[in-house]
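Please build the complex by placing chain B on the supplied structure of chain A, with the hints as guidance.
Chains as they are written, first to last, in our numbering: chain A, 1 to 434; chain B, 1001 to 1781.
Treat the hints as calculated values from the structure; they're not laboratory data.
Do not take every clue at face value.
A partial selection of chain B residues facing chain A, derived with a Cβ cut-off under 7 Å [unchecked claim]: (1) 1135; (2) 1558; (3) 1563; (4) 1629; (5) 1641; (6) 1709; (7) 1781.
In this text, all values refer to a predicted model and were calculated from it rather than measured experimentally.
For glycine and all other residues, C-beta sits at the position ideal for the given N, C-alpha and C.
Listed here are the chains, written in short residue letters.
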Amino acid sequence: MKNQMKRRSFLQLVSAATAAALLPSNTYAAEEYKGPLYIFVHASGGWDPTSLCDPKGFEDGDADPMNKQYRTSEIKTSASGANIKYAPLGNEYKFQTFFDKYGQDLLVINGINSQTNGHSSGTRYAGSGQLAPGFPSLAALVAGVYLPSSPMAYLGNGGYTRTNGVTAATRIDNATRLSEISNPNRIRIDGNGNDVNYHATSAFDRMQAKRKERLARLRSNQSLDNVFDSLKQFDLTHVSAADLKKINQFIPADINTHEKRRNAIFTQGRLAIAGYKAGLTVSLSVSMGGFDTHGNHDGNHDRRLQDVLEGIDLLMDEAKANGIGNDIVVVVESEFGRTPGYNNNNGKDHWTTTSMMMMGKGITGNRVIGQTTDRHKYMKLDPDTLAVDEDNGVALTFAHIHKSLREHMGISNNALANEVFRIPSKIENMPIVG
Amino acid sequence: MKNCIRWSTLVLVFASLFAFSGCGGGDAGDDSTAISFKPDDSGSNSGRDVEEENFPLLNETCVEDYFKNTVSPVMNACYACHVSGGAAQSTNLVFDAVDADANFETLKTYILISNRNVIEKADGTKGHAGGTIFDADDVAKMDVMVDYISNPTMCKSVTSSAINPSSVILATPSNTLYSVSSMMLGRSPTPAELNAASTTAGMETVLDAYMNTNAFYNWIRTSFNDFLLTDSTLVSRSSLSAVSNAGFRDSVSWYDDVTEEDGRSIRDLRESSLKGAARAPLELIVNVIKKNRPFSEILTADYTMMNPYSARSYGMNISGFSFQDDGFTANFSEDDYREVKLSGIPQAGLLSDPIFLTQFPTTSTNRNRHRSTKVQKFFLNTDILALADRPVDSTEESEDPNPTMTNPDCTICHIVMEPISGAYKNYRSGVRYQVRSWYSDMQEPGLSINKLLPAEEGDRALQWLAGEIVKDKRFARSIVHIFYTALTGREPLKVHMAVDSLEYTQALAFEDEVFTGLTQGFIDSNMNAKKLIKEIIKSPLYRAVGLPSGEYNSVINSNIGLAKLITPENLNEKVKNSTGYYWVGNRTYYKDDVRQDKGNSGQLLLNAYKILYGGMDSVNVTERTSELNGVMANIQIRLAAEMSCKITPIDFFFTANNRKMFPYVQKDLEPLDAESITKIKQNIQYLHKHFLNEDLSLDDPQLKLSYDLFFETYEEGKANVAASIESRNLNCQLTRDPITNASLSSDMRITRDDNYVMRSWAVVIAYMLSDYKYLYDNTAQ
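One chain only, chain A, in its complex shape (with noise of 0.2 Å):
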């Protein structure tokens, strides 16, 4: 019990840590859960929050302008949410649809200072909140907190993804094949619907109870943890295996043709609200790339971003389709911002500060919190009313948002999050989302 209880107080150190050493034995068969499905999408690359949801335009005459693509006046507001400002752009894919569609639901976080401008450090620092490593993805934590041992708890797609050991992260780029390893034993399906098996269901089964059988005794053999734990995960991952199958049931049978398949966010979100309405899915990480534009801002940065409004968009609408459209958060990030300005290659480069938008179940929305300079600067918050004080208010980050969305979800006090992978006390508690 004692080497359990330092194990677990040095787990976020051990890059190798399983999900056993965490999970108590008989963790699994009970378990049911009714929150939203949460999905994670990280902008990869470091966005510019001035092109989309904190805008900053051009004036006339203007010798350095935050924008080239728009004049300040031109800066729009939401049909839906008149607290929602954006940015004007969008070709294929109009911001104003989006922004239009969602500004009600929105909550909108500017002047985020990332206090990095390292690509994998902001990655981590947004998608875990905490900037050294150690932490796994708050899509992991939140998983690992409800539904620990499911076969696909959590879908780590891109973005930041380690777990460590609060579940494990489950990657599937071949739906297709779903039907096929979910019944292991089946050959085929017969005519008359039933299955033909390679084995006897009986001698599977049995099978099966003696690996258990013969796991338990290898355990009590090992001395070393990391054998240990690793046969501890192996035991409750095969456990929790053969629910795999429930999720066959509700993958959609377009989703290798349908025309946005190549979204990722659009199609890795039908996955994970295959998984969710199977009660396998809690949560989803999903990354989209390209923003990293040291050069030619303009002409690339703006088609990704297009691309993530219209994943979320596609996403809401599966979601709304399949009758969870009030059961889903859904939270973009990227690791940093990108300067006021340009440089001499009309690309932008990297800054520490960016924003956050977020909404689905529980969040208010129409609503923007923080502000920034007109050259961009994050400007310091009193944490209780989110007012600005530069005086004597604090600069928010990444763990302040983590700190409010884990309450948000309900895993404050669970242990995990509480005990293992803490967000400092010092990190003021901002009533941020909600």
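Just chain B, lined up with the frame of chain A:
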């Protein structure tokens, strides 16, 4: 009896210390790192409630203990920058990454000179480029440290311990060999090999033989591609574009001028050229290892590895190798790689290879910074991106047009990064070598700001850089880390800012002691990679099965030994070697099938299931999944269920001495008498050895479990057949020759299983194929 002191005014402050010391109850009381302190009678710490008396006067050892056990762990945030090569290397406070003795002296000197300055920097009171990194607990601990250094104080050291690497319990040589064989060769050791590995020296001899096999060199290719990702140019079919961009546009598509009458189609010739170009970096590494040359040659080689086809793409005409003069009738192998020098280009091994330069590209704004970051991470044990792990704020716009040279938030990385970016100055436009000047608004070219590129070396800057890198001890350490990760699946522990645990610090020191020894041995061996691989395998990092009795460190215990999920590529080979066939799904299994050829895409673990089973493609998926998930577990079960059904009748088709799995039994041998039962148990005993490397006696509980699986399945199945609940026919029938696929005569076919014996064996085989020990490289006992 613990010598514990309760300081009423500092109880909260020392909460974490007491957790180590066992004071205040709890089950940590037997921890071996208890330390207690007491102020002297006249000191400045009056007010502390002293429970026990007669402590010895302060001595150096005691203060040093306090530093190592309590203060040093909270200073990991400091060590992240205040080390040689770190962002704060130019300050007055530079630590060693892991040497606690040296760090104690460094801190002591600093405190004696500047008193509480260290605290005021770390808590943000004074200007500190690293920002605020100490919280109240950390400050309190450091306060005591300053107090003890600055003032006469009493304390008592109880114990302080760390685990000695040489005391770790190791796997036997033969068990170690089993792990290596599985990992490198995808097969079990032969009985002769296991016999030879009865001693460590014998194991080394077998390892020497392993390291001359093609399978070993494939493992090398895979291991290095896992981080170099140069196969991406093969997958994306862009390797010849890289050759073209390197200045060989005229010759790169030589095959377009070839007519099919020459023997091979244009498409085939192009494929061979693509592969030859793409594989050049990995073949260079293989070449150096194969020829037992110093491993430093991977950076200093003044040649490129080419096959006959890529040689023509480079426009090289080498008689007897490139077939420019020889036509195409000769049988040139695309796997025949040679060293070829490119005139006019001062080559520097991997660093100047067009494929490496394409995989790690540059732009006019990036200015080789990406390349520098990768070179330092791979070959100088320096993770520049980790320097960005501590908070910075780049949102202060200034009139300074060049913040990367002047703003501390930028220079923290750029001062380390840019000299090597500059050493790439002759590749500033991409992958083509062109002698160029370097930017004046960046750090000067060099290895570091302290080791600049001599002006006379400008034309061959990369060759100069390669020479400097391999002389730097960090290069040898990097290579140790690369092979360690390849062998264990783990990355070395890192100094984390957020970590303040004694166990972690001790684990760092433990690992460092082993790595330091391995690094020195590697250098002393003239950087012989094979010797290094053997030394890592012999070390406790790879071979551990337990810590010495009575000692425990959770971090060490989770970072030694093996528990590594076998990659899809290796599992694919293991299945073939242990069953006789690759897993190709629900098809007819026969040896002559093209799908049974090595590397064929019909093998599920190389194609349809590769990514789902945690593999990577070097382009879209560039990291392996090392943690088992539900999808992967189902793939394991499907492999076991499908393969066992398919191969059981096949194995029984052959004579007993030609079987892989059933040498002791016949397909209808029932457990009806003692003799039969013994044979069945002997076969199960054989299977445990064959699939799982377990030496079990016939009465071992694990063997009994397997036998019970066989017997209970047999008993139930036979009854079901008799009751017509189940068919007499096998679901996986053998009607065609398992070698040629020719139709078998009816008497040779295996289609019925009247007494349910074969189906019972098939379930046992599924049990073996889905076992942890089969699916993981492991040091499980």
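Tested hints:
1. 1135: Residue 1135 (chain B) check passes; min Cβ-Cβ to chain A is 6 Å, inside 7 Å.
2. 1558: holds, 5 Å
3. 1563: holds, 4 Å
4. 1629: With a minimum Cβ separation of about 4 Å from chain A (threshold 7 Å), the hint on residue 1629 (chain B) holds.
5. 1641: holds, 5 Å
6. 1709: Status holds, d = 5 Å.
7. 1781: holds, 4 Å
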